[in-house]
Amino acid sequence: MKRPALTACGSIEHDAHRRRFLQGTLAGTTAALSFGRMTVAADDVPNAITLQKSQKRVLFIWLAGGASQFEMWDPKPGRETGGPFRTIPTAIPGYHVGELMPKIATQMDKIAVVRSLDTGISAHAIAADLISTGRPKEAALEYPEIGVVLAKELAVRDSLLPDYVSFFLSTEGRRRPATGFLGGRHTPLMLEESMRPANIDLPQGVSRPQHTEREQLRELLSREFAERRAGAGRVGGYNSAFAKVRGLMQSDHLFDIEQEPPAVRERYGRTVFGRQCLVARRLLEAGVPMVKVARGFWDSHHDNFESHRELVPDFDHVFSTLLDDLHERGLLESTLVIVLSEFGRTPKINKDVGRDHYAAAWSCAFAGCGIKGGAVYGKTDDDGKTVVDGKANAGDVAATIYKAAGIDPEKHYYVGPRPVPLAKEDAVPIDAILS
Amino acid sequence: MKFTLMIIIAVFAGQSVARADEKATISSAQQAARKIDAFLESHWKTAEIHSAPVARDAAFLRRITLDLAGRVPTSREVVRFLSDESADKRQHLIERLVDGPEFPLHFGNVLDQMIQGRHAGNKDFVDYLRKSVRKQKSWDVLFREMMIGPWDGDGQKIANRFIDKRAKNLDSLTVDATRVFFGVDISCAKCHDHPLVDDWKQDHFYGMASFFNRTTGGKGKVGEKKDGEVKFLGADGKEKTAKVMFLSGLVVEVSPGDDPPRKQTGDNNKPAHISRRQQLVTVALKERVFFSRSFVNRMWEYFFGSGLVDPVDQIHSGNAPAVDGLLQWLAEDFAASGYDIQRLMAAIVSTRAYGLSSQWPDDSTIPAETTFAVARLRPLTRRQLALSLLLVTGAGDYDSSDDETQRVERYLGVNGIGKIQKYLAFESQTTALIRAFDSRNREFQSSASEALFMSNNEAVQKLVRAEGDNLTARLSRMSSSKQIVEAAVKSVFSRPPRDSEGSQLVEWFDQQHGDRSDVCARLVWALVTSAEFRFNH
Amino acid sequence: MLFTPQQATLRASCETPGILFGLCRDPEDGRLYGAGTDGFAYVIDPTAEKPIAEKKWRLHENFVSSMAFNDGVIISGGFDRRLVWTNVADGNPIRTIEAHDGWVRDLALFPDRERLVSVGDDMQVKIWNRQTGELTSTLEGHAKKTPQGYATALYAVSVSPDGKTIASGDRIGEVCLWEADSGKFVRRLKAPGFYTYDPLKRVRSIGGIRSVAFSPDGLQLAIGGIGQVTNVDGFVGPCRVELWDWRAGKRVFAGEDSHKAVVNHVAFHPARSWLIGAGGGDSGGILAFWDRKATKAVHKAKPKGHLQRFLLDANSEQLLAVGYGGFQIWSFRAKEPPAEKNPAANSS
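Protein chains in written order, with my numbering: chain A, 1 to 435; chain B, 1 to 537; chain C, 1 to 348.
If you are wondering where the hints come from, they were derived from the structure by calculation, not from laboratory data. A couple of the hints might just be wrong.
[As the list claims (entries may be wrong)] Once the Cα atoms are required to be at most 30 Å apart in a straight line, the calculated DSBU-like pairs of lysine-lysine come out as: (1) B:LYS89 with B:LYS165; (2) A:LYS348 with C:LYS300; (3) C:LYS201 with A:LYS348; (4) B:LYS219 with B:LYS238; (5) A:LYS385 with C:LYS56; (6) B:LYS422 with A:LYS137; (7) C:LYS250 with A:LYS351; (8) B:LYS157 with B:LYS482; (9) A:LYS348 with C:LYS250; (10) B:LYS168 with B:LYS131; (11) B:LYS157 with B:LYS238; (12) B:LYS219 with B:LYS168; (13) B:LYS219 with C:LYS302; (14) C:LYS250 with C:LYS190.
[What the hints assert, rightly or not] Per the computed footprint, the stretches of chain A lying under chain C, defined by three or more beta-carbons under 8 Å from a beta-carbon of chain C, are: (15) 164-174; (16) 269-276; (17) 298-306; (18) 311-317; (19) 406-420.
Beta carbons are placed, not taken as given, at the ideal position from N, Cα and C, and that holds for glycine.
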């Protein structure tokens, strides 16, 4: 095979060779894969130019540990189960939220709420898997997390930016978005220790051109090695990871909150969650299609009201700042914002003045791209114990998310010969909150 | 005379297997290897496919050293093997490695990962496994020890760790034990009959759970209560009491079965009764199909990259093995040999199939993974990668041992003490590296974070920079770029460069600007981060 | 009669729905009033053989946090931000004041009963004329936010026996002391052991000084709460009390016990050297006794459920408590001695 010229990444010759190589190998293995092995999905990735204008993004805010719907979206004031927080009216006539969310209350015309989640699982890890993939766990097939699917679908070809950045700074309940059968190249950039990716600085003693040179040599050697190799798809994944390195190093400044004017930083506030959301906005604005920010840990088994007094106003302030900021920058229309937990909290207040896990009736919220602001879907009974209208499960939530992002939830990937729809077969998107 | 010699060796060497037995093991392993190859050839014939050619020496050496010693070969080993002209050098290599001091060290880790999963990494447990492998303990004995003991005696208590770490969670104990030892994932059958697999009903899940529900532990001491049954809600909502039932459907009666009543471990005052876990061991070994197939299948996956049944914890009637009859035969053979792990290992790696090239000779379609007609790329485990990285970039003295060590070895009549020390020393340096690497799970995922780590982290740059007497320092002292390229490729890839490749690299080298040792460092970096190093091939 | 903490036994429990936080007693008839999550006052007669809780009147439109009794009137504070005066004869509110810009967490009557003091989540300490309801002073000094910038709370207040000093304790473990008459700020005591902020695992906090109490001689101040918490999802830390020489600004004793709980209420025994703490948490409900010498509690009793507040009756033979599930009456009196007794043998 002709040795390609050593050109900088992004040149047509290099790119064409790379694509030819990848296509060739994949074609060789598609027909022969058996059930359970790595998938091969057709890469219908739109090219960079046409997508700039219509590029969609997603911000997934994960409230880890189970935020209390009683203290947020579905309050029950005056009831035995209601707790001490009162409610406040919102921009939606007839809909009240907990008094700890005054700013969000004024923005409810941009936000859609689903109050009728009934998802059945109230153990942290299993529920988190269920909610974040939209599917119960199967022994033989590992499903990708919703964000991974979104990153794949919304990725811009040849973008130097990561497709998916996931912040999970608290250690409790930390989840790493699973790529499942979609495989390695879709692994998100995970920020777990700090808000800056580790190892993003040029190493000492290596100049930028030298850094590039050696990577090109690495890639060349790897490609030559992969010729006619069995299982060479993995080399593709391995090389993709390195191809991301330069892009990540160049995006270094996006993670640097100091680049924002002080006024903006003040606006988001100095809590960890505030700073994370500001960095998230920077990434989204620069074109990273998928960002996940986890705010952990909401699991207030004891002293629930004190905990929510602490957590909810922070969330209220930061979330409302974020919505305003996205809106002012003209990004809200093309950015889907999701607010989700693994479950809600019990109507009953326990002996330690706490609430425990509850998956039979709880809430989530959305804003932005594809969402009908001001829609309030579903109802629970007067005490918040059961759903009385609009029951929705984890699959339905996933389907709704895909549809809002402009992706057909019934679209199929293939795992070997088996077609796998993005959302579970019986999932029904909640059209009432979609625009 | 021979007998006395055997005893002396056994006493001083700590090796409990005599040379004569070994020879018998190896030859019967070779017989098994022939049989395995016959199955595969028949399979290929039916599928009308050809196999890849046999791998070249250098490729074979690297592959088997990684698989049996957990590292790439040293330059000395490469030179020795490539220049060896004997016809059965591959067989001798296998024997040297299986018999060598590093195999138990490496394989102890492999078993730890396989058995303990998320609870792997406990030093004492790993040592217990290493010692067991070194003593050539058979798989059924290991199983029995981990399930029921004996747990008294030096270093034996830790054998209960599989049970102990899971004792407080019956579901986890049931599911893990069934997965690890019997190759079946029954977790989905807990709430209802398995939705996708006909074989597994709720009765199977709770049947297996019944072997474990009386088990107590969690703080280092494992015991068993005298009574207690598993009750569960059937899919119809009614409560049932579970029968004590093995996966095969065999129900264990409450009254004493084949085993005479034995005293409960660690409790001398109570009257004798039969432990449920003991009954599990008896039934599992008597039934032997699940037990033998599971281990064989996992070993197959380890060496070939995918199991004969894949995934390896999905052995059931709806998931047919890739090659007709092979798993059944090999499992029976393994059981008949007394579950001899070394023999199984030797059999598999002695097959022609294991020694095939991973490169297809032409541009025609490469056969599917499940045909085993070509060797496949397998990512190095994190440990293999870390050790190999340290080894190839290091001072190149892994093989050599100082005079003191050699003297000790001669005195004891034991080889390998130096190697063991070197291995363990390297291993202790790998901790930080291991954390940064992507793990080899079923679907290997290359992440940007490993790539960033290799590209920019100081720990890696330190390895590839010229320091002391490391590889890059030695390369920098060489006179011609041709010499440098040859030495670099040999050290890192464990093979000499191909002609075209060599000139390509020389050309690259000569075009580079800057300090010679920096250029060497960049070359070494590109080699250790290339796919050829990252994968087993 | 000598009695020891070891003799503490639960004599009776009277169930009410929810959790009772506030408690006060009518000294005339000895009846006990409690109120909490449902906003209603419940009453029991603790001298009855088998006391039963009777639901009375609605005091607040939210949780009731604290109560005091004076001359036929209950004065209560609640999460509706109000102070309410209620006539127990007919249950009618005599006066309602929008007292704080935040939940009213605690209140205390001055020993001379002329004034009362309340604390709320506006982090203010307010002194009121008990008779007229007039606000006489507003005292500031507690930080308005936690060091990390989150909402804080002002949980507890106490007045010294001579009526001259007020002490208030907050969420971040600080106590402020003021001169009651002049409103002058006297001192800040820092007890950060009572506050746990977890920046790594859960990125939030738990704890706080939940109770403050002056010693009978007024020289010392007791503080109650929870020690360092390992898992801020719950009260997973040792129950903790401290004793301070507040005039010197020095801590003189710290008591902790491995029983994982928050001490919601701490009090001195009027005659003994005991410090009594009541509360609950991960290890269950607790009634603990410290002798002010050993760090570890000298005795722990296991109440039914998590306790919120208690008071000792006049003879200090009984401890009357409220918490989860209602009232609990604890007795220190030894079992009734048998009918004929040689006095020499009677040594309880």
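Okay, the hints, checked on the actual structure:
no., hint, result
1, B:LYS89 with B:LYS165, "violated, 44 Å"
2, A:LYS348 with C:LYS300, "holds, 28 Å"
3, C:LYS201 with A:LYS348, "holds, 26 Å"
4, B:LYS219 with B:LYS238, "violated, 35 Å"
5, A:LYS385 with C:LYS56, "holds, 28 Å"
6, B:LYS422 with A:LYS137, "violated, 44 Å"
7, C:LYS250 with A:LYS351, "violated, 35 Å"
8, B:LYS157 with B:LYS482, "violated, 56 Å"
9, A:LYS348 with C:LYS250, "violated, 42 Å"
10, B:LYS168 with B:LYS131, "holds, 28 Å"
11, B:LYS157 with B:LYS238, "violated, 41 Å"
12, B:LYS219 with B:LYS168, "holds, 10 Å"
13, B:LYS219 with C:LYS302, "holds, 27 Å"
14, C:LYS250 with C:LYS190, "holds, 10 Å"
15, 164-174, "holds (count 4)"
16, 269-276, "holds (count 5)"
17, 298-306, "holds (count 6)"
18, 311-317, "holds (count 3)"
19, 406-420, "violated (count 0)"
Violation of the numbered hints given earlier is confined to hints 1, 4, 6, 7, 8, 9, 11, 19; the remaining hints are satisfied by the structure.
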